[in-house]
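> What follows is the residue order along each chain.
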Amino acid sequence: MRSILRHSILLPLLSFSAACLGGMQVASLDSLAELSLEDLMNIQVVSVSRRAEPLRDTAAAIYVLEGEEIRRSGVRNLAEALRLIPGMQVARVDAHTWAVTARGFNSDLADKLEVLMDGRSLYTPLFSGVFWYTQDTLLRDIARIEVIRGPGAALWGANAVNGVVNIVTRPAADTLGGLQAIGGGGEFEGYSDLRYGGEIGEQNYYRVYGKGQWQGQQSATSGGGSRDQWNHRQAGFRGDFRLAERRQLTVQGDIYRGNVGDPRIEGEESHRGENATVRLSQQHADQADTEWQLVYDRSEFNNRINFAEERQVVDFEVQHRRRLSPVQELVIGGGFRFNRDHITAIDPGTIDFVPRNRSDESYDFFIQDQIDFWDRRLRLTLGAKLEHNDYSGEEIQPSVRARYRIDSRSATWAALSRAVRIPNRLDQDIRVFGGLLQGDRDFDSEEVLASELGYRSQLSDSLSVDVALFYNEYDQLRGFTDDFSAPQSVPVFIANVGSGRSHGAEVTARWQWQANVKLLGSYRYFDLDIEAKPGSRDVNIADANASDPNNQLKLRLDWDISDHWSLFVAGRWVGELKDEAVDAYSAIDVNVMWQVNDQLELSIRGTNLNDGEHLEFGNGVEIKRSVHAQLSWTFE
Amino acid sequence: MIHPVMAGRWFRPCVLLLLAVMFSHQVAAQGLEKRVKAAYIFNFTHFIDWSESAFETPSSPLQLCIAGDREVAVAVNSLIHNKKKNQRDLSNKLVLRPEDALDCHVLYIAVNGDKTLLRWLQALPGRHMLTIADGSSFVDDGGVVGFTIVDGKLRFDISQLNAQRAELQISSKLLSLARQVRRNPSSSEL
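Protein chains in written order, with our numbering: chain P, 29 to 664; chain Y, 889 to 1078.
No lab work stands behind these hints, which were simulated from the structure alone.
The calculated BS3-like cross-link candidates involving lysine-lysine, where the alpha carbons are at most 27 angstroms apart (straight line), are:
no. : chain 1 : residue 1 : chain 2 : residue 2
1   : P       : Lys561    : P       : Lys606
2   : Y       : Lys1003   : P       : Lys546
3   : Y       : Lys981    : P       : Lys546
4   : P       : Lys606    : P       : Lys652
5   : Y       : Lys973    : Y       : Lys1061
6   : Y       : Lys1041   : Y       : Lys1003
Modelling step: build the complete structure from the supplied sequences, incorporating the hints.
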């Protein structure tokens, strides 16, 4: 019996290594040296999927953070990477909690951002926001993070009211060989990353990775430690398979476990999850391509104070892109999403959900047509998304965008869009204090009508600027039917009682001062006014419209000092948050990298160097200065 | 407090592995496209002849330089190990500024943006230098070889005119494998 068991384990391993040995192995450097020019010309170096359109052609406030910039900055998690992006609002609430948004409404429950990683949605339908401490990947394997500030619902999805964050990891062909990193010091008790990528058979690639990160507590405002320590362990894989000349299959997945501390409880909160994605892309001969994607995502957490949640999501999407003529491109697609959760109330008297189990479905259809006029000087993009979901019924989210190329160096753009924030479990089903405050099944989507205007220009060979202005009108915002602190009638319900306006300006300038010195500066002005509609007694809503800084300034220096040394400095100044009682603060983060040799890299990163500790968000803790060291190396 | 214990237990094998790695001498570039580019750059040297005046002494090495891409530089470094061209050693270096590249025989310029590329070209003497960059427009702007991607595969264009200006002898084999060969200034306008 035992030998049968052993054989059944050994056999697949043997056949796997046999598969590795077969075929023309081109990935290893030793074999590349032996290949002729003719052989090299036959290696597929880029997958068949479509190429991104140039940044200057997009009629939206877009910024792309390259993977190389993430590496040079030395950041260790997704939220800190988003901080590098001009216009993004990122506030660290405590050791493991971040409030992240674009264009306002920031909170640790911020709910107006669509966040995707390789097409998989990272926000939870519990409150339409992201638990940033549960979402991770090997940061070195990120190819880029594309961020659109402003609505992107027509193409991107249900939650893209104020912005879209699209995290794209590298194809497995770009992560060949091994990589290991270890680090510690400052806020990090220790961390380690490990990844190995290789080739299976002929021109099919895979990678596997694992990481673990242990972070210590920050500092309580009342003094002492804040008991918000955090650990997260994650492993995952990605395989890219070439099924045919123009057909590509990608299979990827992750598994993670973690715990975070909370001063209110003895032990620690726990989170865990598993997900898998299968994506098939087919390029057709006639300048068209189709992509199918199936995602399964399971997550579980227990905060040990008021509730625990288990959730499963199945998401299927198909998208077809076709060039109808040299000046017209059409994208159509649709999707189906199934969502099932189970919530356990730990202290039902404080927080409960009714019902505790809920399953829901949504399906959508989207279309976008892009037409060029006048020798491609003017580009019009018309798009709309139609959706049906079990929370708010039918939704339509249209957008009109136009870009006009003034000359070869500059362009201006304008956009008008409507987007909605679909209701979630919290809006409709929560019960607080035994039912004193209740969610409402009649709670409907929050809406925005956004107008945007932009200009980008290459002012000289080394200097470029990007300006975006926006004016947003919000309606049906979430509030309460009554003044929660002194209600005239109970229960108080969650209701669409708010309306508001925001406006702002975002300016980004890039300067390539020398071949080896890059500078980037960005400034953002923002103002938001929310009020309760006539008839509502909600006073909280107007008290919470200044959780976003009016002014925010970011500066960045990226300098290759020599072929072995480089320096990355990111500084920011963030204005006060009146409603959160948080003062303005500035912070300087520095990363120094020393490339010891071709394999070995040593870096030292310091954060908040100018300041012992500071508060970044209301009800938060003081974020301390921290310095840590990292050693990383690559191997074949 | 379970964390320091767990971290400690984790770290001992890591440190051991680190020591093992530090004594190994393999090098690695991480991306396939970059590896293939490095292999092309190394391969080009087989099909191009530099005149003796391109070298300071008869024993001077053939210098392969990479601007702006460490991964390609690392891959080139491992490919040229123990290789020779006409009894000359091959050596390579990563350069950050045009003024560091004056002694290069091959220069791959991996920088973003046409404007930055043009500034590099303008700052270089160009003589005896095989200049390579990404994009087919590079050969029209004064470069010798431009990489281009066709159906997901890496190919290259050559400007024979710019090669002659740089006093490089390109073999007919290499010309025959190029996707396009620009022979005179007017052909680039076709």
